[in-house]
Every structure is written in C-alpha cells, then in structure tokens.
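> Build out the structure end to end from the sequences listed, making use of the hints.
Protein chains: 2
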Amino acid sequence: MNYTSIIGIVAGLFTACSLLPQLIKIIKEKKVEDLSIGMFVTLMIGLALWITYGILKNDLPIIATNVFSLLLNISILILRFKYSRN
Amino acid sequence: MNYTSIIGIVAGLFTACSLLPQLIKIIKEKKVEDLSIGMFVTLMIGLALWITYGILKNDLPIIATNVFSLLLNISILILRFKYSRN
Chain R
1 MNYTSIIGIV
11 AGLFTACSLL
21 PQLIKIIKEK
31 KVEDLSIGMF
41 VTLMIGLALW
51 ITYGILKNDL
61 PIIATNVFSL
71 LLNISILILR
81 FKYSRN
Chain C
1 MNYTSIIGIV
11 AGLFTACSLL
21 PQLIKIIKEK
31 KVEDLSIGMF
41 VTLMIGLALW
51 ITYGILKNDL
61 PIIATNVFSL
71 LLNISILILR
81 FKYSRN
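Chain order of the listed sequences is R and C.
Positions 1 to 86 (the working numbering) are the ones given, in order, by the first sequence.
Positions 1 to 86 (the working numbering) are the ones given, in order, by the second sequence.
Do not take every clue at face value.
Quick list of in silico lysine-lysine cross-link-like pairs, DSS-like style, CA-CA up to 27 Å [as the list claims (entries may be wrong)]: (1) R:Lys28 <-> C:Lys82; (2) R:Lys25 <-> C:Lys30; (3) R:Lys82 <-> R:Lys30; (4) C:Lys57 <-> R:Lys82; (5) R:Lys30 <-> C:Lys25; (6) R:Lys30 <-> C:Lys57; (7) R:Lys25 <-> C:Lys31; (8) C:Lys31 <-> R:Lys30; (9) R:Lys31 <-> C:Lys57; (10) R:Lys30 <-> C:Lys28; (11) C:Lys25 <-> R:Lys25; (12) C:Lys57 <-> R:Lys57; (13) R:Lys31 <-> C:Lys30; (14) C:Lys25 <-> R:Lys31; (15) R:Lys25 <-> C:Lys28; (16) C:Lys57 <-> R:Lys28; (17) C:Lys30 <-> R:Lys28.
Incomplete in silico selection of chain C near chain R, CB under 10 Å [what the hints assert, rightly or not]: (18) Ser5; (19) Gly8; (20) Ala11; (21) Ser18; (22) Pro21; (23) Leu23; (24) Glu29; (25) Glu33; (26) Asp34; (27) Phe40; (28) Ile51; (29) Thr52; (30) Tyr53; (31) Ala64; (32) Lys82.
Since the hints were derived computationally from the structure, they do not count as laboratory data.
Where is the CB? At the ideal position from N, CA and C, for every residue including glycine.
The structure is reproduced here in structure tokens:
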C-alpha cells in the first residue's frame with residue numbers, strides 16, 4: 001500500500017467519525033433545536049449514493065466507512081426528531 | 001462516462017452540499033449551542049486529508065467537492081464561535 005492510499009483511508013476514517021462527537025453531544029444534552037434537519041437528510045442521501053458507488057466499484061473501504069457514517073447519521077436524525085421541542 | 005461515475009459525482013455533490021442547510025440555518029437564527037465543535041473540527045481534518053488525497057491522485061472532482069465542503073465547514077466553525085453565548 002502506498003502513502004496516497006494510506007492518506008485516503010485516514011481521510012475516510014476522519015470524515016466517517018466526524019458525526020460521532022455530535023451524536024455523543026445529543027445523547028448527553030438532549031438538545032437538538034440548532035441542528036439542521038436539511039443537513040442530515042442531504043448527507044443521508046449522499047452517503048447512500050456513496051455506498052451504491054462502493055458496491056458498483058466493489059470497493060470495501062468506501063462501503064465500510066459510508067455504512068458506518070450512515071448508521072451514525074440515521075441515529076442523529078432519529079434523536080433530532082425525538083428531542084425536538086417544536 | 002459510465003453510470004457508476006455519474007453516481008459517484010452525484011454522491012460527492014450531495015455530501016459536499018449537505019453543510020449548506022446548516023450554514024443557512026445558523027445565519028438566519030444565530031443559534032449554535034447544540035452544534036458539536038468536535039464534529040466540525042474532525043470533519044475539517046478529514047476534508048483537508050481528502051483534498052491532499054485528490055491532489056496526490058490528480059483527481060479534480062475529489063479536490064473541487066472537498067474544497068467546497070471545507071469552505072462551508074470553516075464558515076460554520078467561525079460562526080459557531082462567533083454566536084456562542086458561553
């Protein structure tokens with residue numbers, strides 16, 4: 001594996017894990033009003049398309065990192081609606 | 001261009017544009033307390049690494065979509081600190 005591939009994998013891990021601090025913050029504070037539903041819905045569509053792309057290209061790192069992101073994203077969206085005061 | 005590439009490009013556009021609704025919401029409402037700083041810092045590192053990866057692979061779509069995301073991300077982070085009540 002060359003260093004370009006390693007940078008790609010590390011980049012994927014960072015973007016995939018970026019939703020984790022937001023999920024932890026929501027679970028701790030149960031406050032979601034300032035979060036944009038549009039952001040997480042748009043991201044969810046994008047991630048589903050990346051998974052489709054990974055499946056078509058038979059690229060396991062793309063599939064794995066985006067499935068992980070999608071699960072975090074869906075969890076955030078569910079809590080966004082659950083804790084919404086309206 | 002085959003349909004797999006088109007799916008990849010559309011996926012990139014969705015993930016790149018996902019930060020836009022959050023940025024608009026912050027500008028409108030000036031409320032940021034529920035947003036995780038850790039999320040946007042982690043994402044910023046990931047996006048910078050994706051841009052590095054795109055430069056090393058000489059892949060313009062990867063560079064362009066991630067530069068766009070990085071600019072949105074930096075704008076959100078600046079406003080996150082600006083509008084923080086603390």
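> A separate judgement is required for each hint: does it hold in the structure or not?
These are the hints, each one checked on the structure:
1. R:Lys28 <-> C:Lys82: Since the Cα atoms of R:Lys28 and C:Lys82 sit roughly 23 Å apart, the hinted pair holds (cutoff 27 Å).
2. R:Lys25 <-> C:Lys30: 19 Å, holds
3. R:Lys82 <-> R:Lys30: 9 Å, holds
4. C:Lys57 <-> R:Lys82: 42 Å, violated
5. R:Lys30 <-> C:Lys25: Distance of about 19 Å is within 27 Å: holds.
6. R:Lys30 <-> C:Lys57: 42 Å, violated
7. R:Lys25 <-> C:Lys31: 16 Å, holds
8. C:Lys31 <-> R:Lys30: Holds. C:Lys31 to R:Lys30 sits at ~16 Å (cutoff 27 Å).
9. R:Lys31 <-> C:Lys57: 41 Å, violated
10. R:Lys30 <-> C:Lys28: With Cα atoms ~23 Å apart, R:Lys30 and C:Lys28 stay inside 27 Å; holds.
11. C:Lys25 <-> R:Lys25: 19 Å, holds
12. C:Lys57 <-> R:Lys57: 17 Å, holds
13. R:Lys31 <-> C:Lys30: Holds, because 16 Å separates the two Cα atoms, which is no more than 27 Å.
14. C:Lys25 <-> R:Lys31: 16 Å, holds
15. R:Lys25 <-> C:Lys28: Status holds; Cα separation ~23 Å.
16. C:Lys57 <-> R:Lys28: 40 Å, violated
17. C:Lys30 <-> R:Lys28: Cα-Cα ~23 Å, so holds.
18. Ser5: 9 Å, holds
19. Gly8: 5 Å, holds
20. Ala11: 3 Å, holds
21. Ser18: 4 Å, holds
22. Pro21: With a closest approach of 3 Å, the C:Pro21 hint holds.
23. Leu23: 8 Å, holds
24. Glu29: 7 Å, holds
25. Glu33: 6 Å, holds
26. Asp34: Result: holds, 4 Å to nearest chain R Cβ.
27. Phe40: With a minimum Cβ separation of about 8 Å from chain R (threshold 10 Å), the hint on C:Phe40 holds.
28. Ile51: The hint holds - C:Ile51 has a Cβ within 10 Å of chain R, the shortest such distance being about 9 Å.
29. Thr52: Constraint on C:Thr52 satisfied, holds at 6 Å.
30. Tyr53: 5 Å, holds
31. Ala64: With a closest approach of 15 Å, the C:Ala64 hint is violated.
32. Lys82: 14 Å, violated
When held up to the earlier numbered hints, the structure conflicts with 4, 6, 9, 16, 31 and 32 and fits the remainder.
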